[in-house]
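Please build the complete structure, drawing on both the sequences and the hints.
Chains A and B, in that order, give the protein sequences. No gaps in the numbering here: position 529 of the first sequence is 529 in our numbering, and each next residue is one more. No gaps in the numbering here: position 285 of the second sequence is 285 in our numbering, and each next residue is one more.
Honestly, the hints are just simulated from the structure, not real lab data. Among the hints, a few may not be true.
Copies of the same chain look alike in the list, so a pair counts if it works inside one copy or between any two.
Straight-line Cα separation of at most 25 Å, SDA-like style, residue types lysine to any residue; simulated pairs [to be verified]: (1) Lys462 to Ser451; (2) Lys319 to Glu223; (3) Lys319 to Ser402; (4) Lys161 to Gly536; (5) Lys544 to Asn167; (6) Lys371 to Lys418.
For clarity, every value in this text was computed on a predicted model and none was experimentally measured.
In case you want the letters, here they are:
2 protein chains.
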Amino acid sequence: MAYFFSRFSRLRSSSKCFYENLRTLNFHNFRTQKNAHARNVMDFERAKKPWMTWSSSVLPLALAFSAGSLALKPQFNPSLCDAPNSNSRLGGKDSTQFVVKGSQKEIPQVLLKELEAICQDNMTLDYDERYIHGKPQNSFHKAVNIPDVIVYPRSEEEVSKIVQACNNYKVPIVPYGGATSIEGHTLSPNGGVCIDMSLMKRVKALHVEDMDVVVEPGIGWIELNEYLEPYGLFFPLDPGPGASIGGMCATRCSGSLAVRYGTMRDNVISLKVVLANGDIVKTASRARKSAAGYDLTRLMIGSEGTLGVITEVTLRLQKVPQHSVVAMCNFPSVKDAADVAIATMMSGIQVSRVELLDEVQMKAINIANGKNLPESPTLMFEFIGTEAYAREQTQIVQRIVSEHSGSDFVLAEEPAAKKELWKIRKEALWACFALKPDLEAMISDVCVPLSHLADLISRSKKELDASSLVCTVIAHAGDGNFHTVILFDPTQEEQRQEAERLNQFMVHAALSLEGTCTGEHGVGTGKMKYLEEELGVEALRTMKKIKTVLDPNNIMNPGKLIPPHVCL
Amino acid sequence: MAYFFSRFSRLRSSSKCFYENLRTLNFHNFRTQKNAHARNVMDFERAKKPWMTWSSSVLPLALAFSAGSLALKPQFNPSLCDAPNSNSRLGGKDSTQFVVKGSQKEIPQVLLKELEAICQDNMTLDYDERYIHGKPQNSFHKAVNIPDVIVYPRSEEEVSKIVQACNNYKVPIVPYGGATSIEGHTLSPNGGVCIDMSLMKRVKALHVEDMDVVVEPGIGWIELNEYLEPYGLFFPLDPGPGASIGGMCATRCSGSLAVRYGTMRDNVISLKVVLANGDIVKTASRARKSAAGYDLTRLMIGSEGTLGVITEVTLRLQKVPQHSVVAMCNFPSVKDAADVAIATMMSGIQVSRVELLDEVQMKAINIANGKNLPESPTLMFEFIGTEAYAREQTQIVQRIVSEHSGSDFVLAEEPAAKKELWKIRKEALWACFALKPDLEAMISDVCVPLSHLADLISRSKKELDASSLVCTVIAHAGDGNFHTVILFDPTQEEQRQEAERLNQFMVHAALSLEGTCTGEHGVGTGKMKYLEEELGVEALRTMKKIKTVLDPNNIMNPGKLIPPHVCL
Chain A
1 MAYFFSRFSR LRSSSKCFYE NLRTLNFHNF RTQKNAHARN VMDFERAKKP WMTWSSSVLP
61 LALAFSAGSL ALKPQFNPSL CDAPNSNSRL GGKDSTQFVV KGSQKEIPQV LLKELEAICQ
121 DNMTLDYDER YIHGKPQNSF HKAVNIPDVI VYPRSEEEVS KIVQACNNYK VPIVPYGGAT
181 SIEGHTLSPN GGVCIDMSLM KRVKALHVED MDVVVEPGIG WIELNEYLEP YGLFFPLDPG
241 PGASIGGMCA TRCSGSLAVR YGTMRDNVIS LKVVLANGDI VKTASRARKS AAGYDLTRLM
301 IGSEGTLGVI TEVTLRLQKV PQHSVVAMCN FPSVKDAADV AIATMMSGIQ VSRVELLDEV
361 QMKAINIANG KNLPESPTLM FEFIGTEAYA REQTQIVQRI VSEHSGSDFV LAEEPAAKKE
421 LWKIRKEALW ACFALKPDLE AMISDVCVPL SHLADLISRS KKELDASSLV CTVIAHAGDG
481 NFHTVILFDP TQEEQRQEAE RLNQFMVHAA LSLEGTCTGE HGVGTGKMKY LEEELGVEAL
541 RTMKKIKTVL DPNNIMNPGK LIPPHVCL
Chain B
1 MAYFFSRFSR LRSSSKCFYE NLRTLNFHNF RTQKNAHARN VMDFERAKKP WMTWSSSVLP
61 LALAFSAGSL ALKPQFNPSL CDAPNSNSRL GGKDSTQFVV KGSQKEIPQV LLKELEAICQ
121 DNMTLDYDER YIHGKPQNSF HKAVNIPDVI VYPRSEEEVS KIVQACNNYK VPIVPYGGAT
181 SIEGHTLSPN GGVCIDMSLM KRVKALHVED MDVVVEPGIG WIELNEYLEP YGLFFPLDPG
241 PGASIGGMCA TRCSGSLAVR YGTMRDNVIS LKVVLANGDI VKTASRARKS AAGYDLTRLM
301 IGSEGTLGVI TEVTLRLQKV PQHSVVAMCN FPSVKDAADV AIATMMSGIQ VSRVELLDEV
361 QMKAINIANG KNLPESPTLM FEFIGTEAYA REQTQIVQRI VSEHSGSDFV LAEEPAAKKE
421 LWKIRKEALW ACFALKPDLE AMISDVCVPL SHLADLISRS KKELDASSLV CTVIAHAGDG
481 NFHTVILFDP TQEEQRQEAE RLNQFMVHAA LSLEGTCTGE HGVGTGKMKY LEEELGVEAL
541 RTMKKIKTVL DPNNIMNPGK LIPPHVCL
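Put into structure tokens, the structure is as follows:
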């Protein structure tokens with residue numbers, strides 16, 4: 001999901017900003033500008049941020065200003081919060097509250113001095129930077145606080161020292177990657193130290209013959225694929241375009257290609273991780289498979305920064321396919337489309353993408369692109385392999401489609417035609433705003449066993465259609481992963497609550513169908529309240545035990561993933 | 001590895017046995033006979049073992065015999081151990097000791113009574129049964145003790161009660177599956193309770209449309225595939241034929257098909273696990289993918305019974321391919337063969353098997369089968385898919401082979417011809433005994449990044465050739481997973497030590513090449529001493545923390561996986 005999501009994110013800073021044009025820039029463009037000097041992933045020096053100097057230049061003054069509390073730290077400003085006095089986000093299963101509470105203590109001055117000694121120029125107390133880091137623009141969820149300080153480590157050793165220092169003073173840390181997550185993963189409800197990994201984005205080693213690459217976590221997947229292109233290799237996960245590899249590990253992300261290549265879980269060979277005590281842990285060797293001890297790699301993938309800070313990732317790569325075919329077809333009902341997705345998977349062939357879009361989504365695409373596509377449930381496929389095999393797969397699926405009331409089967413093999421066809425799916429979310437240009441989007445993310453997908457979508461659509469809000473459906477149908485884009489007016493509290501109610505309806509429906517509350521977006525603060533229903537309190541207690549033994553001071557991204565009510 | 005391994009295992013019981021013919025039967029046949037009534041995986045009642053009644057009939061007498069200690073428990077017999085007075089298995093990195101020491105306390109009588117109340121007839125104190133369970137015949141490693149009691153739970157609830165009872169009295173438990181593991185996983189160096197899962201082998205639910213199946217852990221992968229055959233589905237991991245699904249999870253096993261379908265890590269959707277405190281934990285929903293919390297599924301896979309007892313497994317299934325082609329070809333050197341494996345993987349096509357056999361192995365095959373195959377390094381391939389695609393892949397690889405000095409490329413498409421060709425690889429280990437019929441085999445298992453495979457094999461072969469022992473090489477070449485079968489005379493201590501020395505050489509060579517000490521056989525007691533070199537003490541400390549918090553009394557398969565010298 002979330003193709004080009006960050007393109008739609010708008011910075012709504014109410015604070016005075018040192019970038020005068022910041023209010024009008026979208027967040028993605030802002031970040032792109034900031035990182036303009038960091039294009040060359042092999043050149044670490046060039047990755048240093050131009051605005052860092054400005055921010056850090058005030059640091060000595062800041063440190064000298066006050067003992068025992070954060071110098072230059074503004075008083076907490078209630079206007080930062082959308083609803084600072086509302087109930088906690090975890091207000092029971094029917095809660096539609098979205099504000100993530102926390103308790104912010106003053107950060108010890110001595111810690112700031114230690115951090116400055118570690119990070120030197122690469123640290124800032126600048127209010128605007130802290131505001132941006134504390135209020136991720138893609139998230140429906142809002143925090144009552146922002147981080148006290150942002151550090152930009154340049155090496156694993158620096159990360160280790162930062163974490164050790166924070167652990168000594170029991171100050172929370174929030175690891176910060178591409179910030180494209182939408183469930184509140186990077187919020188700082190308790191303030192503390194935000195560790196922005198964007199300076200650590202080197203490609204440390206590429207092993208073409210082994211089809212793997214060792215990278216620092218700050219590199220984006222798009223940057224990485226640009227780097228890999230000359231070698232005929234690529235990394236096959238495609239979340240929102242701003243996502244960084246470290247963040248993708250932390251949230252166990254996937255995307256439309258997961259049906260063919262698996263999720264982040266399946267595509268990481270090894271990690272290096274800094275634990276709460278500063279230990280640098282290597283989770284596995286570079287061998288493609290191993291049975292040597294507990295799978296710490298997988299334990300860290302999806303742990304959302306609550307167990308450690310990822311400092312190095314060894315990724316499995318794929319060969320760029322010789323040939324691909326993109327196809328599209330329409331169905332009388334969502335059930336017919338879902339049935340074709342099942343039959344395709346059951347046929348034994350390996351599609352690389354199977355995406356489902358409902359009639360509302362197709363209408364949005366027509367409006368946004370001036371097209372005249374049939375406004376009915378639609379499946380889009382991608383087939384890859386040798387030329388002959390890609391065509392053979394296409395023919396097999398075409399037969400399946402025709403057996404399930406499918407129509408208008410169109411396909412493209414020429415690059416321009418494929419690009420044009422696939423653009424429709426890629427820009428689906430963007431197209432939604434064509435329906436209601438002034439609204440925000442809340443995006444659900446659930447996943448069920450494939451046989452339940454049609455049932456889930458049918459149940460959900462009944463509820464969505466009965467709502468006053470406009471909602472579209474997009475699914476990674478081959479995986480049973482289902483998203484709804486719910487458009488709402490952020491200035492209308494009842495609309496926001498209705499969006500959250502619809503989201504909850506879909507989550508409960510998915511759970512009743514043996515599914516999960518999140519297929520790929522993660523837990524963050526947004527999905528914590530569903531975990532017990534999905535997994536049972538015994539599983540959560542087990543997670544909490546692991547969290548507690550590895551992070552006894554609860555400094556690692558506290559308030560995320562594990563519901564606070566879980567007791568040991 | 002370990003195709004038909006259990007066919008070669010011989011029971012060398014020195015004790016009086018209630019099965020008179022047990023001495024002459026190989027262990028696999030013995031187990032097969034025992035489980036003759038358990039063929040129908042859907043029929044739980046029929047899985048009850050015939051000899052259980054005999055054993056359990058003496059239990060009331062046993063329990064009445066002595067208070068505070070195990071009734072009918074024989075005195076510890078040093079003759080049970082191959083070298084009871086030798087040093088610990090963990091005698092430093094150059095140790096070639098193979099005896100796993102432990103301290104055995106007397107099992108509390110009250111625990112036996114509790115276990116009897118839980119398991120009723122499905123429990124035994126019979127010496128021979130305990131001997132068989134304590135001395136797995138496939139393992140190079142030997143224990144000084146055997147379990148005090150064997151229980152055969154019939155349900156998850158019984159497992160939970162058994163574990164809870166053992167935890168209350170701090171008595172060790174050893175989960176016991178197919179017992180095909182070769183690194184000492186099922187040894188009972190501290191005695192205690194062996195939990196034999198063989199009665200829990202039901203198929204609980206098959207979801208054809210979702211291509212998944214929910215099973216109890218005692219079912220074997222071969223039994224499961226027999227059950228799945230009518231549905232056109234199969235489970236694509238192929239370790240030793242006696243292996244059970246639960247044991248395969250516990251050891252994170254794989255096999256020759258892992259190059260195409262991944263390892264156990266990639267093919268398990270969800271688990272249910274009984275923890276040390278008796279908690280029954282569901283690790284995930286049945287959705288194909290999820291980002292909901294820590295990956296407890298993967299944490300348990302490969303934990304070798306040290307964190308929990310697996311009681312239910314949801315497995316991902318595959319469609320039986322429409323067509324397959326088996327091919328074989330020869331090379332002047334192992335390096336040429338390994339280079340072709342790399343080039344094949346780099347070509348982007350997806351072979352389902354790429355197996356490498358060296359010239360010694362081919363000689364063994366010739367002798368064993370009366371064949372006249374070229375005695376040179378050999379690659380065997382399997383290609384699957386549609387008929388056209390399988391053939392296309394074959395042609396692509398045939399071109400690659402011819403570009404790398406390969407010769408004698410033969411292929412088979414007819415079922416009988418494929419079976420004949422593949423039989424060569426399947427019975428490779430068996431064939432080794434044709435070289436030295438009276439010897440035992442020690443099997444190494446290391447894995448390196450693919451680009452290092454030729455180097456690893458070259459280094460290893462130099463050492464192997466210089467040894468007085470006969471050694472053959474078999475590799476899952478597509479994964480960089482390399483095995484050596486080292487034949488030695490078990491009555492000659494210096495030969496046993498030489499076998500272990502060669503194993504150590506290969507492990508250290510693999511570790512120096514960014515590899516792992518075990519690709520698929522697991523750690524058990526045999527590979528513990530290499531883990532620190534592979535992963536570093538920080539990773540081991542992390543594992544020990546997790547172990548300690550989930551199993552504070554260290555009752556779960558103690559003495560395995562985590563080296564005892566690791567401190568928190």
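Reference check for the pair Lys319 and Ser402, CA-CA at most 25 Å: within, between, both, or neither?
Only across copies: Lys319 and Ser402 sit 22 Å apart there, 32 Å inside one copy, limit 25 Å.
Should Lys544 paired with Asn167 be assigned to within, between, both, or neither, using CA atoms and 25 Å as the limit?
Both, since 18 Å and 21 Å are each at most 25 Å.
Within, between, both or neither: how does the pair Lys371, Lys418 come out at a Cα-Cα threshold of 25 Å?
within (16 Å within a copy, 53 Å between copies)
Is it within, between, both, or neither for Lys161 and Gly536, if the alpha carbons may be no more than 25 Å apart?
Between copies, since 19 Å is at most 25 Å while 37 Å is not.
25 Å Cα cut-off: does Lys319 pair with Glu223 within a copy, between copies, both or neither?
within (17 Å within a copy, 36 Å between copies)
25 Å Cα threshold - placement of Ser451 relative to Lys462:
within (19 Å within a copy, 54 Å between copies)
Of the numbered hints listed earlier, not one is contradicted by the structure.
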